[in-house]
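**Student:** Listed below, chain by chain, are the residues.
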Amino acid sequence: MCLAIPGKIKSISGHKAIIDYDGLEKEANVSLIDGQVDDYVIVHAGFAIEKLSKKDAAKTLKYFNNG
Amino acid sequence: MDKTTQQNINEIKNMAQQLDHVKLMELCGTHSQTIAKYNLKSLLPKNIELISGPGCPICVTDQQDIDIVIGLALNDIPIAIYGDALTLPGRQSTLEKAKQNGKNIFIVYSTEDALKLQKQYPKLVFFGIGFETTTPMTAWAIKQGLTVFSSHKLFPPAMETLLSNKDIQINGFINPGHVSAIIGSKIYNRFKFPQVITGFEPEDVIESIKLLIEMIINKNNKVINQYIRVVSEKGNQKALDLINEVFEIKDARWRGLGSIPLSGLKIKAKFKDNDAKFIYKDLITNIKKGFKPMENNCICGQILQGIKKSNDCPLFRKTCTPETPQGACMVSVEGACHINYKYS
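If you're matching them up, the sequences are chains V and A in order.
Per my numbering, the first sequence starts with residue 1, numbered consecutively.
Per my numbering, the second sequence starts with residue 68, numbered consecutively.
It should be emphasised that the hints constitute simulated quantities derived from the structure, not laboratory data.
Be a bit skeptical, because a hint or two may be false.
What the hints assert, rightly or not - Quick look at which bits of chain A chain V covers, simulated, 3 or more residues with Cβ under 8 Å: (1) 168-182; (2) 200-213; (3) 244-251; (4) 305-313.
Claimed, not checked - Cβ-to-Cβ under 10 Å is the rule here; a few derived chain A residues that face chain V: (5) Asp-69; (6) Thr-97; (7) Leu-153; (8) Gly-197; (9) Gly-266; (10) Phe-267; (11) Glu-268; (12) Ile-295; (13) Arg-296; (14) Val-298; (15) Ser-299; (16) Gly-302; (17) Tyr-408.
Positions of the beta carbon are idealized from the N, C-alpha and C atoms, including for glycine.
Required output: the full structure, derived from the provided sequences and hints.
**Tutor:** If you want it as structure tokens, here you go:
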């Protein structure tokens with residue numbers, strides 16, 4: 001099940017990060033990426049698997065908001 | 068629908084006039100969901116057919132692995148699973164029935180959740196199902212001490228098997244999005260076949276269909292990365308390194324596709340103390356001795372290769388429903404039968 005909504009890293013503590021999905025916050029593991037606060041990421045099964053540029057994240061979020 | 072997508076649909080319709088029947092296979096269960104949810108098939112010309120492939124991890128999990136894990140549960144070993152696996156039919160029971168009978172079965176969202184549970188249930192075994200998308204998470208957790216029964220699989224060998232089967236005449240692949248985020252786009256160059264890696268929005272899928280039809284017309288056998296916002300050429304090196312550190316590649320059995328050489332992931336001997344297949348070797352041998360033949364007419368194995376459709380199955384919508392699944396394709400929300408039941 002691939003959840004494709006990008007979230008923004010709000011804070012990082014060790015391998016854990018708080019990810020902000022347009023106001024909804026969830027924890028994710030960031031061991032698989034070199035993530036920093038304010039990076040946009042795709043999370044799969046509780047782990048961030050890839051970073052997105054701000055522009056690409058905005059493009060994906062636009063699809064969601066129109067959907 | 069945005070202008071670009073409308074334009075893509077018009078182009079698909081125009082180009083389709085030059086073609087006979089075209090079969091495109093989506094290789095990811097989430098793409099199948101997008102296609103069904105937005106009724107994308109209704110937007111396409113009649114001669115462009117979309118078929119679901121073996122991209123639903125639960126669906127392709129070998130029956131023997133399912134029965135062994137159910138057997139472990141019935142022998143009082145606590146089991147952690149991703150939600151989909153709960154109702155997978157086994158020869159004698161399901162994990163759901165085992166849970167109702169008081170066995171410790173836990174649904175987890177991530178391997179981190181499983182690690183937390185392991186503190187309370189030290190004998191806990193996590194049923195590792197999935198392709199390259201979920202394997203790095205399992206590898207990470209094994210390194211943290213999680214015990215795992217690995218059914219993890221590599222995706223490209225399944226594509227190779229589909230391409231070599233002359234009974235399946237597919238003209239193009241819609242490649243998986245998040246598997247590709249891990250393994251990268253370059254790896255698909257070995258298949259001289261029209262392929263598009265795509266995202267999960269309906270706009271993405273429509274664009275990928277347009278690109279595939281263009282390639283088919285121009286006899287262009289290559290891979291186009293439409294999901295460039297997430298998928299790089301080389302993939303996620305950290306995740307790939309973790310997989311290589313913890314797992315070794317071996318042959319594996321897939322529902323429907325049979326045994327595929329070098330398509331499975333076995334936990335390396337270095338981590339054998341976290342490998343349920345090693346820890347419970349004798350118990351698993353005993354569980355296998357108790358196996359009886361599976362008695363039902365489920366054709367999930369043929370459906371996930373695109374050879375048959377859900378409606379061809381005598382069980383579909385009769386005895387087999389999402390509430391009473393008789394086979395793996397109905398169990399998973401990404402399974403072709405579940406999707407067809409829900410949306411058509």
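**Student:** Which of the numbered hints are not met once you compare them with the structure shown?
**Tutor:** 7, 17
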